[in-house]
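Heads up: the sequence lines are chains A and B, in that order.
Taking our numbering, the leading residue of the first sequence gets 1, the next gets one more, and so forth.
Taking our numbering, the leading residue of the second sequence gets 456, the next gets one more, and so forth.
It is possible that part of the hints are untrue.
Residues on chain A that point at chain B, a partial pick, calculated with CB under 8 Å [said to hold, decoys possible]:
#1 Gly39
#2 Thr59
#3 Gly136
#4 Ala197
None of these hints come from the bench; they were simulated from the model.
Just so you know, even glycine gets a beta-carbon here, dropped at the ideal spot from N, CA and C.
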Amino acid sequence: MPQRTSRMPIRRLRSPGTSLIRDTDVGAVIGFLTLVVVGIWWHHGGMIGFGNSIVTKMTALDQVTGLLCSEAGLLGLILVTRTPLLERKYGLDRLLNWHRILGVAMSLLLILHIVFSVWAWSTPGGVFNAVKSLTGGESYMALTAVGTLIVLLVTLSSLKWFRNQLSYEMWYFVHLTVYVGLAMSFSHQIVLGSDFATDKLARWFWVGIHIVIILWIIWSRWGSLVKACTRPLHVASVTHEAQGVTSVVLQGSHLQQHRAQAGQFYLLRQVVRGRWWRANPFSLSSVPTTAGLRFTIKARGEASEAMTRIRVGTKVIAEGPYGVCTPDAVGEKKALLVAGGVGIGPIVSYLEHLTPSSEPIVLYRAHSNKEVSHLEEIEALVKERNGRVHTLIGPRAKLKVADPFSPKVLLKLIPDLADRVVMVAGPESMVKAVQRGSKAAGVPSENIHAERAWW
Amino acid sequence: MSQNRPPIGRQSKPTFARQVMPAVVLTAVGVGFVSMLDGATTGSVGLTAVATNPIVDPNAPTTIVADPNTTAPAAQPTNTTLAPTPVQGNSAAPVATAAPAAPAAPATAAPITAAPVTAAPSNPGACDGDVVASPSAQFRYGVIQLQTQFTTANVLCNVTVLQFPNDRRTSVQINNYALPIYNQEAVQNHSAKIRAVSGATYSWQAYVAALQAVLDSRP
């Protein structure tokens, strides 16, 4: 809608606010939940509650592992609510990484829980009878057994090796079934788990905490999706930048209300048959303004390839913005920006945001000249800000130095490196090399910023 | 663009109080909550059930005061199928060893008993006071009735199970496993403060209700 934007003065979007929470708050909440969960178990007898036989010990262990397994699951669910409080503090990439770690922890505890339960139940009637009781004999256990299987399958499908074997669609829909699995397993906790079945207060706490988290997911996770759907953007322009690299500008009358910052990313879904259900992350490649959001996209996988072929006018649902790797991190300091390949996108947006006091130096690494994009734009931006650009183009074997990001090479090129804030965007191996190199060159690690390349 | 907007990733350094307060408050709440729980006790659930639902049969014989001179075996139930020799006093027969006899049980139609458990009293021979049968506690799967014995000082010192549901194999299995544990717990704690065994929660409720009814009837 060019008419509308031309009438309104173009301005930068407001920045998303700072999160109010601190690391210590997160620690306190995790500690609280653990205290209560283990406290319930301990108060009901713990390890020494009754008897000294192996059966009673196993029963106590199966209870505590079951409780901790649930706790890990609940914390993992909180992470995927994408609640702004947590997202603006840690960034979606880190939250999802912790979600993965908690998922694995939950499954390990789940396996222990199963082992201890079967052990405890097998004493009167043998292992076979124990398994029979625990998969159907007892009330709700058939339901629980199916739920358990689903949860374990979901975890398995998310392990790196299996994940790589699966198509995104397959993985995504398997992953969604985890809600069903968790709901099915919940029944036995209340009916058979003696900590909850026999203690009203504990039971209401447990039910309450589940209800709160369900509402939280509905409100925050699905609510933000609904909100994004009600104010879709559309493709205003598509520009071919380099081989396989395209920049796409999204506009919409609702942009006025967006809050976004350079360096952040959105989850974009094309409203096109066969693609609407699938969102992929793309970084902003210019400072977001009311005139539009620009994304620079490289065709790397099936989804990004489809995004480079998007047609002008296509509706796009943009969830976000997410990410905490923004040029705010530079503050009053000087900056070194390192881009690898399509990582140049976020670097351009950082540059636009920086002031001349940052004297930005840009290192641009690409495998071939054909891949280089936005170079003129960067040169102009850098010039305005008293900075300079170094390009490093060609396959690794043909470079003059073995490791272009070794501290020696970096310091020779940038003598005042230790005083600069380093921001990196690009493939994971390069990000790691830059982090290693600049740390060795004397940059404190809190001054090195990178978004994890998790997609 | 103005630079005074709050940055996303950077926060001002929090004060010490700001860092510590959440942990202190939540720890206090957590400890308070846990201490409010019922604990490894009878629990309000079981007792409320007794009060609101007439699961304790009022017509059942509530007390059988045995002749103090009667020897212990006479006070034992007659239909003992599982417990080979109910021993009194110095026997600390392990609970778990009595349980595996379970699969043999279902044949009997008459009420059967679980292995009677006798705690080793600190003062041998003291467990020779009143023998009291509990009311029958009815629950989802049947009836549990206990027989208790007290020391002359009115301390619970022995519990045996007179009746438990034996119409289902699972019931027999679960109860053969759980009831001896409850017996042991009750005698150890001299009260109805018993922790439920996983999978035997209904039995636990009935057991506690029956035992508590006896204890409440004692002076």
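Let's test the interface hint: is any C-beta of chain B closer than 8 Å to that of Gly39 of chain A? Since the shortest Cβ distance to chain B is 3 Å, the answer is holds.
Does Ala197 of chain A meet its interface restraint, that is, does its C-beta lie within less than 8 Å of any C-beta in chain B? Hint on Ala197 of chain A: holds, closest Cβ of chain B at ~5 Å, below 8 Å.
A closest beta-carbon separation below 8 Å is what the hint needs, so does Gly136 of chain A meet it against chain B? 11 Å, violated
Let's test the interface hint: is any C-beta of chain B closer than 8 Å to that of Thr59 of chain A? Holds. Min distance 5 Å.
Violated hint: 3 only; the structure is consistent with all others.
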